[in-house]
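Going down the list, the sequences are from chains A and B. For the record, in the first sequence the residue sitting at position 91 is 100 according to the numbering used here, with numbers rising by one throughout. For the record, in the second sequence the residue sitting at position 156 is 183 according to the numbering used here, with numbers rising by one throughout.
For the record, the hints were derived by calculation from the structure and aren't laboratory data. Hints are not guaranteed to be accurate.
Which stretches of chain A does chain B cover? Using the computed rule of at least three CB atoms under 8 Å from a CB of chain B, they are [what the hints assert, rightly or not]: (1) 18-27; (2) 83-91; (3) 195-205.
For glycine and all other residues, C-beta sits at the position ideal for the given N, C-alpha and C.
Residues per chain, in single letters:
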Amino acid sequence: MTSNPVHQGIDLRVFARYRGDFTEEADVVVVGSGPGGAVVAHGLVEKGLRVVLVEEGPPIPPADFEFDGGMSMARTMREGGLRTTRGTVMPTMQAIALGGGSLVNSAICVRAPEFVLDRWSRDYELNKTTRTELDPHYDAVGAFLGISPTPEDVQGARNLLFRDGCDALGYSSEPIARNVRGCRGSGECFTGCRSRAKQSMDISYVHEALEAGACVLTSARVENVLASGHRVSGVEGHVVEPFTGRPRYRFRVNAKVVVLAAGCMATPVLLQKSGGLANRSGQVGENLRFHPGVAAMGTFPDRVDPQFGATQGYQSLEFIKRGFKLETLWAPPTIFAVRLPGSGMAFKERLGDLPYSAVWDAIGSCNRSVGRVRARFRGNDPKLSWKLHPEDVGLLMEALYRLAEIFFAAGAHTVLPGVSGLPEEMHTLEAADVLRTHEVPASSLVLGGNHAFCSTRMHGDPRRGVVDESGRCHDFENLYVADTGIFPECPSVNPMWTGMALAHRTAGCIADRI
Amino acid sequence: MTGLFVAALIAWLFTRALLGYPKPTTHYRRLLRGEAAFVEAACGVMFPAGGAIPLAGTEVGAAPYLDRMMDASKPRIRALMHSLFFLVEHASLVFRGPGRGGRRRFTRLDPEQQLGVLRGWETSSFFARRLVFVSLRSLLAMAYLQHPSVLRELGIAPMAIDTSVCEADLWMPRVGADPSTIPWSVSDVNTPRDDVEPLNLDSPLHPDYAEDSS
Ligand SMILES: Cc1cc2nc3c(=O)[nH]c(=O)nc-3n(C[C@H](O)[C@H](O)[C@H](O)COP(=O)(O)OP(=O)(O)OC[C@H]3O[C@@H](n4cnc5c(N)ncnc54)[C@H](O)[C@@H]3O)c2cc1C
Ligand code: SF4
Numbered sequence: 010m011t012s013n014p015v016h017q018g019i020d021l022r023v024f025a026r027y028r029g030d031f032t033e034e035a036d037v038v039v040v041g042s043g044p045g046g047a048v049v050a051h052g053l054v055e056k057g058l059r060v061v062l063v064e065e066g067p068p069i070p071p072a073d074f075e076f077d078g079g080m081s082m083a084r085t086m087r088e089g090g091l092r093t094t095r096g097t098v099m100p101t102m103q104a105i106a107l108g109g110g111s112l113v114n115s116a117i118c119v120r121a122p123e124f125v126l127d128r129w130s131r132d133y134e135l136n137k138t139t140r141t142e143l144d145p146h147y148d149a150v151g152a153f154l155g156i157s158p159t160p161e162d163v164q165g166a167r168n169l170l171f172r173d174g175c176d177a178l179g180y181s182s183e184p185i186a187r188n189v190r191g192c193r194g195s196g197e198c199f200t201g202c203r204s205r206a207k208q209s210m211d212i213s214y215v216h217e218a219l220e221a222g223a224c225v226l227t228s229a230r231v232e233n234v235l236a237s238g239h240r241v242s243g244v245e246g247h248v249v250e251p252f253t254g255r256p257r258y259r260f261r262v263n264a265k266v267v268v269l270a271a272g273c274m275a276t277p278v279l280l281q282k283s284g285g286l287a288n289r290s291g292q293v294g295e296n297l298r299f300h301p302g303v304a305a306m307g308t309f310p311d312r313v314d315p316q317f318g319a320t321q322g323y324q325s326l327e328f329i330k331r332g333f334k335l336e337t338l339w340a341p342p343t344i345f346a347v348r349l350p351g352s353g354m355a356f357k358e359r360l361g362d363l364p365y366s367a368v369w370d371a372i373g374s375c376n377r378s379v380g381r382v383r384a385r386f387r388g389n390d391p392k393l394s395w396k397l398h399p400e401d402v403g404l405l406m407e408a409l410y411r412l413a414e415i416f417f418a419a420g421a422h423t424v425l426p427g428v429s430g431l432p433e434e435m436h437t438l439e440a441a442d443v444l445r446t447h448e449v450p451a452s453s454l455v456l457g458g459n460h461a462f463c464s465t466r467m468h469g470d471p472r473r474g475v476v477d478e479s480g481r482c483h484d485f486e487n488l489y490v491a492d493t494g495i496f497p498e499c500p501s502v503n504p505m506w507t508g509m510a511l512a513h514r515t516a517g518c519i520a521d522r523i
Numbered sequence: 028m029t030g031l032f033v034a035a036l037i038a039w040l041f042t043r044a045l046l047g048y049p050k051p052t053t054h055y056r057r058l059l060r061g062e063a064a065f066v067e068a069a070c071g072v073m074f075p076a077g078g079a080i081p082l083a084g085t086e087v088g089a090a091p092y093l094d095r096m097m098d099a100s101k102p103r104i105r106a107l108m109h110s111l112f113f114l115v116e117h118a119s120l121v122f123r124g125p126g127r128g129g130r131r132r133f134t135r136l137d138p139e140q141q142l143g144v145l146r147g148w149e150t151s152s153f154f155a156r157r158l159v160f161v162s163l164r165s166l167l168a169m170a171y172l173q174h175p176s177v178l179r180e181l182g183i184a185p186m187a188i189d190t191s192v193c194e195a196d197l198w199m200p201r202v203g204a205d206p207s208t209i210p211w212s213v214s215d216v217n218t219p220r221d222d223v224e225p226l227n228l229d230s231p232l233h234p235d236y237a238e239d240s241s
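Just chain B, same shape as in the assembly:
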């Protein structure tokens, strides 16, 4: 009888914690299906639609971005990121979120409740909980602000610059590439001089941030 009860409890916990995530439309190299769902949900709550920047957190491709970032990170950092997502996604199973049905994982709560959960982390009197919040918000903010139209909307996107070629560029290949691929020759060298014109705020934006880039 006890065995049956324990088995039922485990099954219940398993379903609540790990199953029922939507199948992702993108292939992720590092993010698990549940983590991708969590990242998208948390970014949506952190950056709701409207306000100073119309774009919502759900529209910026937060999960693919963080997947790329994890892929570029060392295993120890990746492990920390996995733990962070797991912790915030599942903590509300133990410390219930606000309102009815608050004892569900983050992605199953409604947006109001999700915001309440995040505020709980943010305003906690425990430093460790605040630290978790700041870490999560930093990652989500990176994901949000990397989207070209967000910086363009704010008017602080990088400007186009004709990158100078200095003498060192003649021996510096792209990371991982062979020196034979270096595109420059000595006639390309145009090391900046002290009397170079400063950038102008009306200068065109960097092509990655221009209107038609996204």
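This is chain A alone, in the form it adopts within the complex:
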């Protein structure tokens, strides 16, 4: 309990307050406080159930945010932000903090397009997962988090140039809707919102869940799901020191229902490490998919001052059916430097172009590119393998071409597509044509994959999926999964809102059944 008189009754446990081994009793224990877990926990506590939310990371207040991208990643991301897939090497980031990915993400909220949900519904026997069925859940989350389009006054030149380029080409574009209230355009979403405008889970759903009576255990790592027959009875694990992860005390939570929302990478590992649970279908850890991202930098004659403006304020869904989405981007310069070519003075000169530059990215709906998640022999980090399909390489190259097209239409004089083996700089659209005509191997692309799905996929057929439409594991009466791992395929747009809508539905189903 906090000693602050205003918050007497708030049951938040932080590392400094644990004194020894302990056991908790609950109706429902939720593992993971990211967008999935936070929404479920809140939904259930609102129904009067005793909920214990367990999160391995600590709460991170603004006083502990780091501006420097490297240090920030080392503290807020699993494996220091250096986690990569094998096969096709691609960095993939998962947060470790109260609020999960919402603490460090750009707050982009997009509903999955109707054609995507229709496909899920048809191909995976998920009759209740159409857009019409999910819209009330999207609406409820949207109203709670104040999801609304980014206002013009916080767009900044970096975002508005994207709009101008799209307008010049006749491509559709729109301000990105975000879970933000009172954005000041600091472009710092990746290292934490100092303005407290971003409605990350720690200050929104988790906060409200605490107010409504949930118990939240932070710095508590679940290592085992307790199961017998077709039922689970709780979870157990260790209290861990923030940042180092060193185990201290043991804990156990006995519960009538267990909800795993540890994220697309951690949930399958937890199931595998708990003796191969919920895997009669053989699908736990299989089907791993990403929205691999590529980015290009464009340099303009005038200052762009990219440090000002909503981190990701504009997007184009023009090519969404083709398989990619285009959007603007900003992150600490240390992160972008990774994408710049060159060494020595040439590299340094390129850094000098940053104030005149914008970075825009594309994410691909790469359903053909599949991988898997496996538990390591030791520790809780996953072993990830994944391969970018040659046709998806072509798709991402086409997306890079479109970005170059928009850059030139917006007035850029130079575009850096960041593809190894092709010219480092392009000065005309004709020169950029190689992006769509030249075949390159996957290893030539600088990729990033922060949207991950399908590792515990939802399927109406228990032989082909891990969970049903309500998120309940086919093999267990009272074990649920509520993270983006349950998506049956790529959603084609940023996944958080869809993850939360599904979690909102899951909370309702659990409450009805308990």
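Based on these hints, arrange chain B with the ligands on the given structure of chain A.
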């Protein structure tokens, strides 16, 4: 005779690979003496003095920064970083660097040769070698760009913001601290509203990046 030869060879390799690093002036928690020398040298070559940003890579405290970063990292990541530094520092003993005397460890090469070695990694036709280069350059770029005067010089340093206090801040202590240390009370809560003023490009910089910060 053979034994003597092998012993001499080992001694030679040992001296070439592991000895003769300058004593560091700072105490490092994670970086070894040779690694610190390597990081400083590589950062100096990656970011020579002059150009758009006057500060050289040797002036930004790259080794102390990466030492802090390693300290904040899990053992597996630390091990990868140690291996990366070791690999690039010593690879030129096997695959010689350019010019006369190119078969020396990285820190013993002259700056021209060092740049040549880095270019070799960067432009290699082997993906794995390019990956090593990109990993090293990322770490060095982080070390360089974290220095306040670099971002200030570029004009893209973070601005000062009066951090709002939201209701959740009333129960959120600093990482590792006890809730009794939370400095806020309910009268401090000033959750941002939708009509808040956007930042202004002329706003003052965050104190850590202001002129007198470094
Ligand atoms: C840098 C970045 C930017 C992004 N930007 C956007 C965006 O703008 N819009 C968007 O839609 N998506 C974005 N995403 C993706 C989005 O953040 C994720 O899809 C989303 O956070 C997934 O939610 P989740 O609840 O499934 O998992 P997570 O957010 O990963 O949450 C899982 C939580 O479980 C905890 N956990 C894991 N294992 C255990 C355990 N054993 N015991 C206890 N706790 C555990 C983790 O610490 C974590 O807090 C971004 C991702 C990143 C990394
Ligand atoms: S752009 Fe800045 S103010 Fe706006 S939500 Fe992101 S971090 Fe907060």
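Exercise. For the segment 18-27 of chain A, do three or more residues have a beta carbon lying closer than 8 Å to a beta carbon of chain B?
Worked result: Per the Cβ count (6), the hint holds.
Exercise. Taking a Cβ-Cβ distance under 8 Å as contact, does the segment 83-91 of chain A have three or more residues in contact with chain B?
Worked result: This one holds; 5 residues, not fewer than the three required, reach chain B with a Cβ under 8 Å.
Problem set entry | 8 Å C-beta test of the segment 195-205 of chain A against chain B, three or more residues | Coverage by chain B holds for the segment 195-205 of chain A (5 residues, Cβ < 8 Å).
Every hint, counting from the list given before, is met by this structure.
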